[in-house]
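Student: One-letter residues, chain by chain:
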Amino acid sequence: MKQSAFTIIENKQLTDSILRLRLQGDTSAVTAPGQFVNVLLEGRFLRRPISVCDMEGDVLTLIYKVVGRGTEQLRAMVPGERLDLLTGLGNGYDLSAAGPNPLVIGGGVGVPPMYWLTKRLIAAGCRVTAVLGFNTADEIFYDDLFRALGAEVILTTADGSRGIRGFVTDALPGLSYSYYYACGPEPMLKAVWRAAQGSGQLSFEKRMGCGFGACMGCSCRTVTGSKRICREGPVLTKEEIRWDD
Amino acid sequence: MGRLNVTLCGIELDNPVIPASGTFGYGYEFAELYDINVLGTFSCKGTTLAPRFGNETPRITEAPAGMINAVGLQNPGVEQVIARELPRLKSVFRKPMMANVSGFSVEEYAAVCQKLDREPQVGWLEVNISCPNVHGGGMSFGTDPRQAAEVTRAVKAVTTKPVIMKLSPNVTDIAAVARACEEAGADGISLINTLMAMRIDLKTRRPILANTTGGLSGPAVFPVALRMVWQVARAVSIPVIGLGGVSSAEDVIEMMLAGATAVEIGAANLREPFICRDIIADLPRVMDRLGIDNLRDIIGGANQ
Numbered sequence: 001m002k003q004s005a006f007t008i009i010e011n012k013q014l015t016d017s018i019l020r021l022r023l024q025g026d027t028s029a030v031t032a033p034g035q036f037v038n039v040l041l042e043g044r045f046l047r048r049p050i051s052v053c054d055m056e057g058d059v060l061t062l063i064y065k066v067v068g069r070g071t072e073q074l075r076a077m078v079p080g081e082r083l084d085l086l087t088g089l090g091n092g093y094d095l096s097a098a099g100p101n102p103l104v105i106g107g108g109v110g111v112p113p114m115y116w117l118t119k120r121l122i123a124a125g126c127r128v129t130a131v132l133g134f135n136t137a138d139e140i141f142y143d144d145l146f147r148a149l150g151a152e153v154i155l156t157t158a159d160g161s162r163g164i165r166g167f168v169t170d171a172l173p174g175l176s177y178s179y180y181y182a183c184g185p186e187p188m189l190k191a192v193w194r195a196a197q198g199s200g201q202l203s204f205e206k207r208m209g210c211g212f213g214a215c216m217g218c219s220c221r222t223v224t225g226s227k228r229i230c231r232e233g234p235v236l237t238k239e240e241i242r243w244d245d
Numbered sequence: 001m002g003r004l005n006v007t008l009c010g011i012e013l014d015n016p017v018i019p020a021s022g023t024f025g026y027g028y029e030f031a032e033l034y035d036i037n038v039l040g041t042f043s044c045k046g047t048t049l050a051p052r053f054g055n056e057t058p059r060i061t062e063a064p065a066g067m068i069n070a071v072g073l074q075n076p077g078v079e080q081v082i083a084r085e086l087p088r089l090k091s092v093f094r095k096p097m098m099a100n101v102s103g104f105s106v107e108e109y110a111a112v113c114q115k116l117d118r119e120p121q122v123g124w125l126e127v128n129i130s131c132p133n134v135h136g137g138g139m140s141f142g143t144d145p146r147q148a149a150e151v152t153r154a155v156k157a158v159t160t161k162p163v164i165m166k167l168s169p170n171v172t173d174i175a176a177v178a179r180a181c182e183e184a185g186a187d188g189i190s191l192i193n194t195l196m197a198m199r200i201d202l203k204t205r206r207p208i209l210a211n212t213t214g215g216l217s218g219p220a221v222f223p224v225a226l227r228m229v230w231q232v233a234r235a236v237s238i239p240v241i242g243l244g245g246v247s248s249a250e251d252v253i254e255m256m257l258a259g260a261t262a263v264e265i266g267a268a269n270l271r272e273p274f275i276c277r278d279i280i281a282d283l284p285r286v287m288d289r290l291g292i293d294n295l296r297d298i299i300g301g302a303n304q
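The listed protein sequences correspond, in order, to chains B and P.
For the first sequence, the positions run 1 to 245 when our numbering is used.
For the second sequence, the positions run 1 to 304 when our numbering is used.
Do not take every clue at face value.
[Unchecked claim] Okay, derived cross-link-like pairs now, BS3-like style, lysine-lysine, Cα gap no bigger than 25 Å in a straight line:
id	chain 1	residue 1	chain 2	residue 2
1	B	LYS2	B	LYS227
2	B	LYS65	P	LYS203
3	P	LYS203	P	LYS156
4	B	LYS190	P	LYS203
5	B	LYS227	B	LYS190
6	B	LYS206	B	LYS227
7	B	LYS238	B	LYS206
8	B	LYS2	P	LYS90
9	P	LYS203	B	LYS206
10	P	LYS90	B	LYS227
[Claimed, not checked] Over 12 Å on every C-beta distance to chain B, these chain P residues come out as not near it, computed from the model:
id	residue
11	GLY10
12	ILE11
13	ASP35
14	GLU56
15	ALA83
16	PRO120
17	SER140
18	THR143
19	ILE208
20	THR213
The hints are simulated quantities; they were obtained by calculation from the structure and are not laboratory data.
We treat Cβ as the ideally placed atom computed from N, Cα and C, and that holds for glycine.
Throw the hints in and build the complete structure from the sequences for me.
Tutor: Structure (structure tokens):
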């Protein structure tokens, strides 16, 4: 983990409530797709955890959804302003398990970390299919960029306004894949965990205090004992996940 | 002695800065970030007899100038702390550490302290009778002077290490609880633990924390903590550790002026992981500006 100042080079609206932030700074602690950064905002006590969407040299891309006052404040920031970040947080995805044709599954703000993962998988020689789920056609972002990487993209929307009507799990029947990677809201992860074939890795989101393992705010039970989502996670393997309800 | 040195219950500290329990794990997470030997000492995660998962999540939410937590004393249990955490800590921290102890009965407090008493790495026992986030234990011992004294006596009977009783601010008369602990043999008092608080999600209209209530910490509580440190320091003659919202070298000095011999830093570690190291580095400069030669000279300075 590192703490350092990043300079905003872009803060661009992608949809009504989704923005892309591009930041320049010391990215040396960022080692794997699926990791996150923790962003300090003036006047807010707790940092905001945001997953890494892409990294190229000293430029980090983060995609965030405006959900409250903190992210509203972030939306108002402009290029040239600086942000204090903790970088290199969380374990990230393990690419070595992917096999020849992995499936990546992203739902809503779970889509961004799958972008860098897809890029890395394709660079490693995998044929990647990406199932990207959104609520409506208006909320879709980055599907074209996944295609530009060379992934086969399958879209789903809850209201059927584009792609398959329904959830990401409605796209799974008939697909064959060597392994899967998923990120999205917990109900989606649970549905994917039940529906997807074979093994995979799923990335979780929880309210965090510190983001680096000190406060035990984001603990969860797994079959191998208690884990901190911010430290031993956010990526858990299918086999270690335990659903308690 | 250097200008930052203080003596806490007979043990000399290089400086009065101590990361507070629950914000610093068992030390080695932070040892990856900086050399934690720069600290006065640190207080480890609250340790109980049996392992505890703690409360359900969400356990954390934000507040104006602070945060509310209801972690619920997640810890691996005292046996694992002795078998695993202390040996790991030894490789990165060569000073005496402060072992924070929690319990659900007088007997449990004593049993945990008795086990930790045998550990040479443990310098002080900080006995938490003030956790607001567990039921049937913790804070209930700290809200009644009689029970606080009972825990103090039970712990003192099983250890020769200095015993520091950590008090709850969720009481009417904190000085009375502190006096009861002193009379029962406590070697020091630390305060304040968190203030009971809650938040409600406006969309779901339900409490945000799974535990419904939690404990407020951060800069929001600093003036409350300072006032209570002031009151307790006037009421007892044993050393007082001040904590609650401390986040700068200036806050450390203010706490010491109120009567604190040493100062713990909690929530600030979670926002700024390097803050304890930075405060220690800042202290000499801030002391110069304020005309302070030695920190030990200012303890209780505002009480004179």
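Student: Each hint should be assessed against the structure and marked as holding or not.
Tutor: Hints, one by one, checked against the model:
no. : hint                : in the structure
1   : B:LYS2 - B:LYS227   : holds (22 Å)
2   : B:LYS65 - P:LYS203  : holds (17 Å)
3   : P:LYS203 - P:LYS156 : violated (49 Å)
4   : B:LYS190 - P:LYS203 : holds (23 Å)
5   : B:LYS227 - B:LYS190 : holds (18 Å)
6   : B:LYS206 - B:LYS227 : holds (12 Å)
7   : B:LYS238 - B:LYS206 : holds (18 Å)
8   : B:LYS2 - P:LYS90    : holds (24 Å)
9   : P:LYS203 - B:LYS206 : holds (18 Å)
10  : P:LYS90 - B:LYS227  : holds (23 Å)
11  : GLY10               : holds (29 Å)
12  : ILE11               : holds (25 Å)
13  : ASP35               : holds (15 Å)
14  : GLU56               : violated (9 Å)
15  : ALA83               : holds (15 Å)
16  : PRO120              : holds (25 Å)
17  : SER140              : holds (22 Å)
18  : THR143              : holds (24 Å)
19  : ILE208              : violated (8 Å)
20  : THR213              : holds (15 Å)
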